[in-house]
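Visitor: Each chain is listed here by its residues.
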Amino acid sequence: MLSEIAFYGALETGLIYGLVAFGIYLSFRVLDFPDLTVDGSFPLGAAVAAVLILEGWNPWVATGFAALAGMAAGAVTAILNVKLNILNLLASILTMIALYSINLRIMGRPNIALLTEETVLTPWYSLGLEFHQVPVLLFLIVVVVALILLWRFMKSETGLAMRATGANARMARAQGIATGGMVILGVALSNGLVGLAGALFAQSQGAADVTMGVGVIVIGLASLIGGEAVLTPTTVVRALIACVIGAIMYRLAIAFALNADALGLQAQDLNLITAVLVTLAIVLPGVRTNLTNRFTRKKA
Amino acid sequence: MISATDLRLTFGKGTPLENPALRGMSLTVNQGEFVTVIGSNGAGKSTFLNALAGEVLVDSGKIIVDNLDVTRLPTHKRSARVARVFQDPLAGTCENLSIEENLALAIKRGQRRGLTTAVKKQYLDQFRASLSSLNLGLENRLGDKMGLLSGGQRQAVSLLMASLTPSAILLLDEHTAALDPKTARFVLELTQNIIKEQKLTALMVTHSMKQALEVGSRTVMLHQGQVVFDIAGKEREGLEVKDLLELFEKQRGLEVDDDSLLLS
Numbered sequence: 001m002l003s004e005i006a007f008y009g010a011l012e013t014g015l016i017y018g019l020v021a022f023g024i025y026l027s028f029r030v031l032d033f034p035d036l037t038v039d040g041s042f043p044l045g046a047a048v049a050a051v052l053i054l055e056g057w058n059p060w061v062a063t064g065f066a067a068l069a070g071m072a073a074g075a076v077t078a079i080l081n082v083k084l085n086i087l088n089l090l091a092s093i094l095t096m097i098a099l100y101s102i103n104l105r106i107m108g109r110p111n112i113a114l115l116t117e118e119t120v121l122t123p124w125y126s127l128g129l130e131f132h133q134v135p136v137l138l139f140l141i142v143v144v145v146a147l148i149l150l151w152r153f154m155k156s157e158t159g160l161a162m163r164a165t166g167a168n169a170r171m172a173r174a175q176g177i178a179t180g181g182m183v184i185l186g187v188a189l190s191n192g193l194v195g196l197a198g199a200l201f202a203q204s205q206g207a208a209d210v211t212m213g214v215g216v217i218v219i220g221l222a223s224l225i226g227g228e229a230v231l232t233p234t235t236v237v238r239a240l241i242a243c244v245i246g247a248i249m250y251r252l253a254i255a256f257a258l259n260a261d262a263l264g265l266q267a268q269d270l271n272l273i274t275a276v277l278v279t280l281a282i283v284l285p286g287v288r289t290n291l292t293n294r295f296t297r298k299k300a
Numbered sequence: 001m002i003s004a005t006d007l008r009l010t011f012g013k014g015t016p017l018e019n020p021a022l023r024g025m026s027l028t029v030n031q032g033e034f035v036t037v038i039g040s041n042g043a044g045k046s047t048f049l050n051a052l053a054g055e056v057l058v059d060s061g062k063i064i065v066d067n068l069d070v071t072r073l074p075t076h077k078r079s080a081r082v083a084r085v086f087q088d089p090l091a092g093t094c095e096n097l098s099i100e101e102n103l104a105l106a107i108k109r110g111q112r113r114g115l116t117t118a119v120k121k122q123y124l125d126q127f128r129a130s131l132s133s134l135n136l137g138l139e140n141r142l143g144d145k146m147g148l149l150s151g152g153q154r155q156a157v158s159l160l161m162a163s164l165t166p167s168a169i170l171l172l173d174e175h176t177a178a179l180d181p182k183t184a185r186f187v188l189e190l191t192q193n194i195i196k197e198q199k200l201t202a203l204m205v206t207h208s209m210k211q212a213l214e215v216g217s218r219t220v221m222l223h224q225g226q227v228v229f230d231i232a233g234k235e236r237e238g239l240e241v242k243d244l245l246e247l248f249e250k251q252r253g254l255e256v257d258d259d260s261l262l263l264s
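Chains as they are written, first to last, in UniProt numbering: chain A, 1 to 300; chain B, 1 to 264.
Excised from the complex, chain A in its bound form (with noise of 0.2 Å):
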């Protein structure tokens, strides 16, 4: 079984994760736009907030800077692929790996420790709360302040031109949107959430590294899709509690994975297991509707 440790452990990364699951709702989902830029715009995140905490700024100002590179990263995507004409996949494919040079430019090193320095988390720990729970108060908080925020959005008049932009672009400029302008608002604000999770991860984990990055989009869309499995994203809103839901039942997934001596499992095998749950993830709904479908023909 989970020690408790492990399974607030798993719902601390969970939350975060689930910052970055909203941040490919946006691009994958609401504008149809297959973003690997977060890939690169995490450890962006991860990497400005470490060293702006180092200089001795305020944690929360730097975890703000680093939302707003993660946005700079997502709007020079978006501008390849909707002024230079380049497609999409392709574009944030060179600014992940341009990122990759710019995030060890602004570390100045591969890693940066974070362990003794004052973060987000710091005044909270003396709330008298246990310590692992700590954190994931705080990111409990964050997530539902930026769900509201997100949902409020995509009920207002630009999120809907944004919705409209990713279902039916042409009807979309027939009702006065300015497609491209709207492609790089979203794709900036969906890395802008993923740098807000990567200096969150960064400051809970205690260390920012320019690997951390790897994997953070198939992670994220293992959140999304297996939050839809779980509840159907008929609204906004559903859509957004989703990819919560399915971010933390992600990060237990792999929680009881890694602690379940019978599998024999390491933490080695963390790769080769997100890739087996992504694939479930993404078959399981399927082989469902499929089983349902021969159950009612053979009724009928």
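If you are wondering where the hints come from, they were derived from the structure by calculation, not from laboratory data.
Treat the numbers as computed from the prediction; the structure is a model and nothing was measured.
Where is the CB? At the ideal position from N, CA and C, for every residue including glycine.
Please note that a few of the clues may not be correct.
To be verified - Some residues of chain A that are not near chain B, with every Cβ distance over 10 Å (derived):
#1 Y8
#2 L68
#3 L115
#4 L121
#5 F131
#6 A167
#7 D209
#8 V276
Claimed, not checked - Coverage of chain A stretches by chain B, computed from C-beta distances (three or more under 8 Å per stretch; other residues unrestricted):
#9 149–160
#10 174–188
Stated by the list, open to error - Cut-off 30 Å, straight-line C-alpha distance, at most; resulting in silico cross-link-like pairs (DSBU-like, lysine-lysine):
#11 A:K83 - B:K62
#12 B:K182 - B:K210
#13 B:K121 - A:K155
#14 B:K13 - A:K83
#15 B:K234 - B:K145
#16 B:K182 - B:K145
#17 B:K196 - B:K242
#18 B:K182 - B:K62
#19 A:K83 - A:K155
#20 B:K120 - B:K199
#21 B:K250 - B:K210
#22 B:K77 - A:K155
#23 B:K120 - A:K155
#24 B:K62 - A:K155
#25 B:K77 - A:K83
#26 B:K77 - B:K199
#27 B:K199 - B:K182
#28 B:K199 - B:K250
#29 B:K77 - B:K196
#30 B:K196 - B:K234
#31 B:K196 - B:K182
With the hints as your guide, set chain B onto chain A.
Guide: This is chain B only, laid out in the frame that chain A set:
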């Protein structure tokens, strides 16, 4: 008023597939006119409409809409003046948005969009009133996803969306062609009613000569990217499809070889 002067546009210039779609197309449509546009496949009907809407930019020529030169403006910058209904019933609306969200998108056509709620309470009565004029019971289904509606219903809503805010011209691109005959008749009647009630200026592309003569106040025939004839008023009254064909042959010394024009 809109005026298009000497529009020229060649697709795939300098390639073996070079295709001159517009070859000096000129047309002026006055306020309140309802023009039907007819022509065989490849005559340039859709290209002309796309050029007016801004989906394609012409190589040369000039397009003026309500005293504004829009020749080089992209679609979204013309949308305040140019409303449009597409041929494909799925193209004019967003299926994964609700009916009220689609209407809320249309009510801000060509205007700035801010961060206030898109579906505002004060819009809902207006939405219900215009939907109930369709007699499809949609006024009670504002929250339903657009994708749940039939093609005819979606085309009817597209028409409402195009006429929700004022425009200098309404472009109808064979908007009944993809519907079954009964639904097509319903949508066409609805079109005529809306255009009459709101005194709209409209340009309707159609594949049917009969429809082109029965509907509207003026008929224009396109051939090889140009206007071959343009009839209105007394001249047009009582005209039949065979007269139209004779006119066409006289003008061009050509046989009309597109069966679909004769049959429909």
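Visitor: For which of the previously enumerated hints does the structure constitute a violation, in increasing order of number?
Guide: 6, 15, 18, 24 and 28
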